[in-house]
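A.B. asks: All chains, please: the whole structure from these sequences, using the hints.
The sequence shown begins at 1 in this note's numbering and counts up one residue at a time.
No wet-lab data here; the hints were simulated from the structure.
Every residue gets a Cβ at the ideal spot worked out from N, C-alpha and C, and that includes glycine.
This list has only true hints and no planted wrong ones.
No farther apart than 27 Å at their CA atoms in a straight line, the calculated lysine-lysine pairs in the DSS-like style are these:
# : residue 1 : residue 2
1 : K386      : K228
2 : K189      : K228
3 : K386      : K189
4 : K228      : K183
5 : K386      : K227
6 : K183      : K227
7 : K189      : K227
8 : K183      : K386
Pair by pair, the computed Cβ-Cβ distance ranges are:
#  : residue 1 : residue 2 : range
9  : K183      : V204      : 30 to 38 Å
10 : I120      : F4        : 51 to 59 Å
11 : I190      : F4        : 51 to 59 Å
12 : Y158      : L70       : 39 to 47 Å
13 : A308      : S102      : 28 to 36 Å
14 : S61       : S102      : 46 to 54 Å
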Amino acid sequence: MIYFIYFIFFVFLLLWSAFLAAPGGVGRNVLNPGFLFSLVYGGGFFLLPCFSLYFGVYRFSDEYSFETYLQAGVFCFVFGLMVLGGYVLFSGQRSYLRWQRSDFSCYRPLSVLQIWVVVIVSGALVLAGAVPYFLLIMKYGASGYAANRIVLVQGLGYFALLLNAGLVGAVIVAANIMLRVGKVRFSEKIAFLMVLGIAMLPGVLLFSRMRFLLPFVILAVLWVMLKKRGVLRVKTIVRMTGAAVSFLLLGLMLGSVRESFMADRALDNSTIDISQNVVTTYGNQEILLWLSSNDHDFLLGKTFFAAALGMVPRSFWPGKPLGGGPALRNMIYPGSYDLEGGANLTSYTTGLPVESYMNFGWFGVFVGLLFGAGLAAIARLLLWAKSPIALGVLAVILFHSVFICYSEFFGWLVHVYSAVVPAMFLWMLLSLLRPSGLNNKI
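C.D. replies: Dropping the structure here:
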């Protein structure tokens with residue numbers, strides 16, 4: 001019975017987003033923020049829980065009751081409705097459609113000099129941010145660093161922000177290539193390959209599969225937006241689906257490699273449980289099942305407050321509030337996330353629906369309304385963008401916003417901040433190299 005209920009929830013949200021939140025037809029709005037959110041959110045919060053139930057694979061409990069599944073499912077469904085409602089209420093669907101039908105000839109390409117400035121500056125910022133991480137790896141070794149990186153990297157938040165400059169540089173160079181009408185210069189291709197390598201470095205340093213794969217995924221999003229205008233043929237959809245599955249499997253494999261480093265042991269492929277890894281990596285909805293079936297105190301906005309204080313280094317404020325992931329870890333295993341005396345620390349990825357419930361219970365669905373308004377704001381900003389810089393950064397923000405259901409709010413806010421700040425710095429720098437005869441709109 002629960003399979004049928006969850007499937008109906010998923011189909012209803014997808015259809016509503018396709019015909020109400022994406023006017024003009026699904027084929028012309030495959031990257032509409034509202035439709036993308038429903039697709040990603042529905043897959044993780046309605047389809048994957050059915051997978052867990054069928055195979056009996058869980059992280060926190062041996063099983064959950066029908067009532068628990070139903071309560072969590074209804075919360076997720078209402079939360080999704082709130083997101084789409086906020087998106088439509090603030091005219092996100094109309095703004096996106098206007099941008100999609102606009103004339104791309106108004107976008108101003110970068111010169112060869114400006115492109116290489118992006119590559120050099122991005123590389124310099126990433127290398128500057130990477131220095132303390134290299135030193136930690138040299139001091140503790142790869143396995144010791146991987147197992148204790150949460151404790152070891154305390155106070156390095158601003159260095160981590162510098163690491164994101166590579167991703168920003170990669171999407172700017174890529175957007176410039178995709179907007180070019182004529183033949184792409186050889187120097188632009190070389191510049192793109194160099195900055196792509198720079199963008200992948202943070203994933204290696206942070207032992208993060210998401211950081212490692214993120215540049216490729218965002219570039220695919222950007223390609224569909226700029227080259228395909230959101231219109232995909234069946235052949236292209238099949239190919240992209242195959243690529244998406246490959247990326248998911250690669251993410252699972254990289255997770256196993258990371259665990260082997262943390263345990264300081266050789267990777268044994270025979271011990272990898274694919275179903276368990278899928279649930280561990282993408283099964284955020286089970287957290288709602290656990291919260292619904294266990295006693296706990298609601299946090300009343302504490303994790304969102306922690307996100308607002310995220311720019312304050314913990315070295316200056318050791319008692320700074322924890323984000324959603326660490327708070328959840330201590331809910332499930334009290335006292336296990338201790339930055340002062342803990343070792344081999346790990347936390348759980350919450351996702352916005354889970355974090356909203358952790359803070360406000362059923363009233364957390366209204367957070368979805370605010371998030372829907374945020375998606376509408378992204379669609380409106382696309383109308384304002386007039387350069388590869390703005391388009392590239394908006395593609396990054398769009399991706400992180402759609403996948404916020406798999407990320408804690410604190411982490412999402414940091415990603416957005418670390419994309420906007422380097423982009424603004426590059427925009428000011430490139431403005432100095434721009435001929436005076438061209439307008440200076442971003």
